[in-house]
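Reconstruct the complex from the two isolated chains, following the hints.
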Amino acid sequence: DVKVTQSSRYLVKRTGEKVFLECVQDMDHENMFWYRQDPGLGLRLIYFSYDVKMKEKGDIPEGYSVSREKKERFSLILESASTNQTSMYLCASSPPGGSSDTQYFGPGTRLTVL
Amino acid sequence: QQQVKQSPQSLIVQKGGISIINCAYENTAFDYFPWYQQFPGKGPALLIAIRPDVSEKKEGRFTISFNKSAKQFSLHIMDSQPGDSATYFCAAKIPSYGKLTFGQGTILTVHP
Chain A
446 DVKVTQSSRY LVKRTGEKVF LECVQDMDHE NMFWYRQDPG LGLRLIYFSY DVKMKEKGDI
506 PEGYSVSREK KERFSLILES ASTNQTSMYL CASSPPGGSS DTQYFGPGTR LTVL
Chain B
47 QQQVKQSPQS LIVQKGGISI INCAYENTAF DYFPWYQQFP GKGPALLIAI RPDVSEKKEG
107 RFTISFNKSA KQFSLHIMDS QPGDSATYFC AAKIPSYGKL TFGQGTILTV HP
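Chains as they are written, first to last, in the working numbering: chain A, 446 to 559; chain B, 47 to 158.
Bound conformation, chain B alone (with noise of 0.2 angstroms):
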């Protein structure tokens, strides 16, 4: 059973552009969503975190978008540039042991 659905499974966006990445997930006792960043030959990072109290949270480039009623949220990447080529997870937790559950992945393209 796949808790968090992520979409597009790959994406190719020109430098400059707005690279979109959505998730939909369905256990509502989710608290904590964050968005992991994973260039080849290294272990995913913590990119970027909502919790499902507010709506939008922006960390320079990159923001994500969240709607508690539909279940769903949103990496948006602004000004994309090659460097943010990689893999992008995202991901939900429930409340005990920090224990995550992750969607498919986005392997993201930039080209210059």
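Bound-form chain A, shown alone (with noise of 0.2 angstroms):
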């Protein structure tokens, strides 16, 4: 079966503090995205990455940043958490293009920066 995990479910941080976000996929995907969900705006995506070490932006990169060391795990780095980085962060996977166009999410990380 189908496996996005993302570390944690809820997450509460200071402005200014790193905060890292984690997500897992077990399904030896190429494929990975992060999305941000907020009310009205519906899914944004913030980064991608179609392999090991390759990342691109999405439509809304700025004041965060992605790593991939490993195909299994891509991981969502704000630098310098403000407030209007609260929000449902949303991790996603899918195998290579023409082999399946359907992404797999986890359940997701509310994040709250006071």
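Because the hints were derived from the structure by calculation, they are not lab data. Please read these numbers as outputs of a predicted model, since none were measured by experiment. No false leads were slipped in.
Below, a list of computed lysine to aspartate or glutamate pairs in the EDC-like style, where the Cα atoms sit at most 20 angstroms apart:
id : chain 1 : residue 1 : chain 2 : residue 2
1  : B       : LYS51     : A       : ASP504
2  : A       : LYS498    : A       : GLU467
3  : A       : LYS500    : A       : GLU514
4  : A       : LYS515    : A       : ASP496
5  : A       : LYS515    : A       : ASP471
6  : A       : LYS500    : A       : GLU524
7  : A       : LYS516    : A       : ASP496
8  : B       : LYS104    : A       : ASP546
9  : A       : LYS500    : A       : GLU517
10 : A       : LYS515    : A       : GLU475
11 : B       : LYS88     : A       : ASP471
12 : A       : LYS516    : A       : ASP546
13 : A       : LYS515    : A       : GLU467
14 : B       : LYS88     : A       : ASP483
15 : B       : LYS103    : A       : ASP546
16 : A       : LYS458    : A       : GLU507
17 : B       : LYS51     : A       : ASP483
18 : A       : LYS458    : A       : ASP483
19 : A       : LYS500    : A       : GLU467
20 : A       : LYS516    : A       : GLU475
21 : B       : LYS88     : A       : GLU467
Which chain B residues face chain A? A few, computed with CB under 7 angstroms, are given here:
id : residue
22 : TYR78
23 : LYS88
24 : GLY89
25 : PRO90
26 : LEU92
27 : LYS139
28 : GLY144
29 : PHE148
30 : GLY149
31 : GLN150
32 : GLY151
Here a beta-carbon is modelled for each residue, glycine too, at the ideal position from N, C-alpha and C.
In structure tokens:
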């Protein structure tokens, strides 16, 4: 069964802290994605990766960075958290293009920055 | 720039009724149009999807209608049930890396 796990369901951090959000998939997928979900705005792509050590900016990369050292793990980093980064963060993975277009999502991490 | 626009933002339907959610897109390069369903506390999950070479796809009570010339597509839920209460997202994909652009989401509530 397909599984995408995220390290925390809820996280509370202070302004200026460095925050790491971890995502692990067990499906041997090449593609991995980080989104943030905000009411009325839907899901917006922050970064994605199509291979180990490869990354591409999404639609809203400002204030974020990512790391993909292993195929199964994709980390989202907030270098200096700000209150406007309070949101639900969703990780997803998918097979390489052509084999399947389905993205499989984790349960999300609700981050609050105080 | 919002490339996929979804409406309505929220929808209330009585049990047994038809729920209709609409999406419009701008980029004619999109080649895949999925709908995702999200229950509270869960990540979105693929519900049904369509490619632009067909005008309709049906899976059980769920149907996608696709109008290529109008650049619109919609989700119809027949015989809506309280268990269908969830947030629904339309999306569209360009043919590279599986990158999806999502609509704003619709919160569907089905009253018993």
